[in-house]
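There are 2 protein chains.
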Amino acid sequence: MALQDEFHFIDQIKPKRVSQSGLVAGIGDDAALFRPTSHMEQIICMDTMVEGVHFNSHTMNPYQIGYKALAVNISDIAAMGGIPTYYLVSIAIPKDWNEADLLSIYEGMAMLADKYAMDLIGGDTVSIAETLVITVTVLGEVETGKHFLRSQAKPGDVIFVTGTVGDSAAGLNVLLHNGIEHTLSEFDEALIRKHQYPLPRVEFGRLLSTFERVSLNDISDGLASEANEIAKASGVILQIDEDKIPFSEAILTKYRDRALEFALYGGEDFELVGTMALSDWDILQKKASERGYILSKIGTVSDGGPAVFLNRNGELQKLEMKGYNHFTK
Amino acid sequence: MALQDEFHFIDQIKPKRVSQSGLVAGIGDDAALFRPTSHMEQIICMDTMVEGVHFNSHTMNPYQIGYKALAVNISDIAAMGGIPTYYLVSIAIPKDWNEADLLSIYEGMAMLADKYAMDLIGGDTVSIAETLVITVTVLGEVETGKHFLRSQAKPGDVIFVTGTVGDSAAGLNVLLHNGIEHTLSEFDEALIRKHQYPLPRVEFGRLLSTFERVSLNDISDGLASEANEIAKASGVILQIDEDKIPFSEAILTKYRDRALEFALYGGEDFELVGTMALSDWDILQKKASERGYILSKIGTVSDGGPAVFLNRNGELQKLEMKGYNHFTK
Numbered sequence: 001m002a003l004q005d006e007f008h009f010i011d012q013i014k015p016k017r018v019s020q021s022g023l024v025a026g027i028g029d030d031a032a033l034f035r036p037t038s039h040m041e042q043i044i045c046m047d048t049m050v051e052g053v054h055f056n057s058h059t060m061n062p063y064q065i066g067y068k069a070l071a072v073n074i075s076d077i078a079a080m081g082g083i084p085t086y087y088l089v090s091i092a093i094p095k096d097w098n099e100a101d102l103l104s105i106y107e108g109m110a111m112l113a114d115k116y117a118m119d120l121i122g123g124d125t126v127s128i129a130e131t132l133v134i135t136v137t138v139l140g141e142v143e144t145g146k147h148f149l150r151s152q153a154k155p156g157d158v159i160f161v162t163g164t165v166g167d168s169a170a171g172l173n174v175l176l177h178n179g180i181e182h183t184l185s186e187f188d189e190a191l192i193r194k195h196q197y198p199l200p201r202v203e204f205g206r207l208l209s210t211f212e213r214v215s216l217n218d219i220s221d222g223l224a225s226e227a228n229e230i231a232k233a234s235g236v237i238l239q240i241d242e243d244k245i246p247f248s249e250a251i252l253t254k255y256r257d258r259a260l261e262f263a264l265y266g267g268e269d270f271e272l273v274g275t276m277a278l279s280d281w282d283i284l285q286k287k288a289s290e291r292g293y294i295l296s297k298i299g300t301v302s303d304g305g306p307a308v309f310l311n312r313n314g315e316l317q318k319l320e321m322k323g324y325n326h327f328t329k
Numbered sequence: 001m002a003l004q005d006e007f008h009f010i011d012q013i014k015p016k017r018v019s020q021s022g023l024v025a026g027i028g029d030d031a032a033l034f035r036p037t038s039h040m041e042q043i044i045c046m047d048t049m050v051e052g053v054h055f056n057s058h059t060m061n062p063y064q065i066g067y068k069a070l071a072v073n074i075s076d077i078a079a080m081g082g083i084p085t086y087y088l089v090s091i092a093i094p095k096d097w098n099e100a101d102l103l104s105i106y107e108g109m110a111m112l113a114d115k116y117a118m119d120l121i122g123g124d125t126v127s128i129a130e131t132l133v134i135t136v137t138v139l140g141e142v143e144t145g146k147h148f149l150r151s152q153a154k155p156g157d158v159i160f161v162t163g164t165v166g167d168s169a170a171g172l173n174v175l176l177h178n179g180i181e182h183t184l185s186e187f188d189e190a191l192i193r194k195h196q197y198p199l200p201r202v203e204f205g206r207l208l209s210t211f212e213r214v215s216l217n218d219i220s221d222g223l224a225s226e227a228n229e230i231a232k233a234s235g236v237i238l239q240i241d242e243d244k245i246p247f248s249e250a251i252l253t254k255y256r257d258r259a260l261e262f263a264l265y266g267g268e269d270f271e272l273v274g275t276m277a278l279s280d281w282d283i284l285q286k287k288a289s290e291r292g293y294i295l296s297k298i299g300t301v302s303d304g305g306p307a308v309f310l311n312r313n314g315e316l317q318k319l320e321m322k323g324y325n326h327f328t329k
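As you go down the protein sequences, you meet chains A and B in turn. Residue 314 in UniProt numbering is what sits at position 314 of the first sequence, and the numbering runs on without skipping anything. Residue 57 in UniProt numbering is what sits at position 57 of the second sequence, and the numbering runs on without skipping anything.
Just so you know, the hints here were simulated from the structure itself, not pulled from any lab data. Keep in mind it's a predicted model, so treat the numbers as computed, not measured. There's no promise every hint is true.
[Unchecked claim] In silico SDA-like cross-links for lysine to any residue, where the CA-CA straight-line distance does not exceed 20 angstroms:
hint: 1; chain 1: A; residue 1: Lys-146; chain 2: B; residue 2: Ser-21
hint: 2; chain 1: B; residue 1: Lys-232; chain 2: A; residue 2: Glu-6
hint: 3; chain 1: B; residue 1: Lys-95; chain 2: A; residue 2: Gly-52
hint: 4; chain 1: A; residue 1: Lys-95; chain 2: B; residue 2: Gly-52
hint: 5; chain 1: B; residue 1: Lys-14; chain 2: B; residue 2: Arg-193
hint: 6; chain 1: A; residue 1: Lys-146; chain 2: B; residue 2: Ser-38
hint: 7; chain 1: A; residue 1: Lys-322; chain 2: B; residue 2: Lys-232
This is chain A alone, in the form it adopts within the complex:
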């Protein structure tokens, strides 16, 4: 059964309560209205996920598609040091999707939104011939002047990364080879979980916002690509030590030979990579450890470039701006 009535569908996805005190009018009029918190800058981003490109029925169920569509946007807010507040969802629906699965997409989003007290305040619902397309816009806020850009790296900085990297691409690899129904090992499941339920690093971004100067990026296209973006925006060289890159036990067990490739070029980990003054590093490390965050120093910033080098046992290898490019892969 395809979706019969747009208005009935919207009634069902309309939130039953409001979390943000600044919300004036959510779903139900021509546009949404909110009063921004004073002394805060507004942050906004927008990402699209396409059936057959970003997901398919073998890699993610509808709930996970919803979760991830929101998570990737929240991750962008985290990479600015901000707090997510509102989201809007536009969905283009083909005839072969049923209402239960569509509602499940919104439930996956609502689960994550609740964690951050975010409100769904608008969007669009349209039909399409072939493939489901979901576009999410997320708003956030950060104390005026306290945001983090990629352009703030300076020579002498420490390069750090949160969590472990490469797991999402490894998880996708498991899914593409085994399918969603296959019996999986504990390690397989850990990797798949990172692909299906990436956790945006909002709390860590907020911890960083207590520091004066941080350059920051979230890992959507792989460590090589994100590091190059920082190098380019800041006009510096980033040197990453291969033996410092944090890998999970799961990826080292399942994919020891491909772990580096997945970390550098796989993407979708939605961890944070950044740089900060060496003098701040010890304080950050202490605070992160108190809070139980996994945090690794993976290299240093130096004068020159822009370029990114991987230090492999003393041998420097240039890392190109390669990652997921939608139109060459």
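Add chain B to chain A, keeping to what the hints say.
This is chain B only, laid out in the frame that chain A set:
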């Protein structure tokens, strides 16, 4: 030639200058940042257009697709009484679209954005198998408490509409029957222009914002549907006089028999329909006429309902919440 390089494409669509003084960071980082104007509420909306559903190569060229994708969103800002400020664009691109046509979409948007000093500050560029999908998010602002909702109609109000209605649907009808290449009469062209280049009524919305209480809606789904939304949100009856509905010379010449159908159920006119106190009506009419705006009183609001009636020479006919519904048509 399909799109080869996402980064190269983004470089080309990136605006060369900034119009809004509140913009802190636009395209080029994880998210965009802006400082909202003080004492203003923020407005946000999001609309999607799908190839084969909202347009095809016989009804609109790429420049017009871009123009309209932005216009429909600005129209929602206008319907809140607001000023548009920023926009974000997410586009899913199939292989059979070439880069020149894609850039043309962004040029069509930029043309309209310039009119309102809006800045393009973000979005996404992804691939898709079959059909082009374009989603636009528009931000705007309105003086705190001065926004217009659909729920503000009261018994005794005048119902008004801007411009003429039904032209867009009539124009689409011409296009679907003749194709974009056909030799067209002056009237055909006028109707087609309303379909391809709807003009959001931002200035009129701002004029309305000098009045205390206005209920307002933009005509995206047809007069019947929009009037029902006001009736429902306000808990009143809207009675529209058939002989007061403003039609263009073009529609009356080409489609006299279908003009009413197009006006009530066609949609995409992006005119404004609203209600206000009778005591304010004369002042509005005077101000509108001074500025050269076409404005018509088309009926009155009364107690009861919610319902919408069409007065056809004294005979009342109930108008249902019918309009463009993506999943029943």
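Of all the hints given earlier, name the ones this structure violates by number, lowest first. Per hint list: 5, 7 violated.
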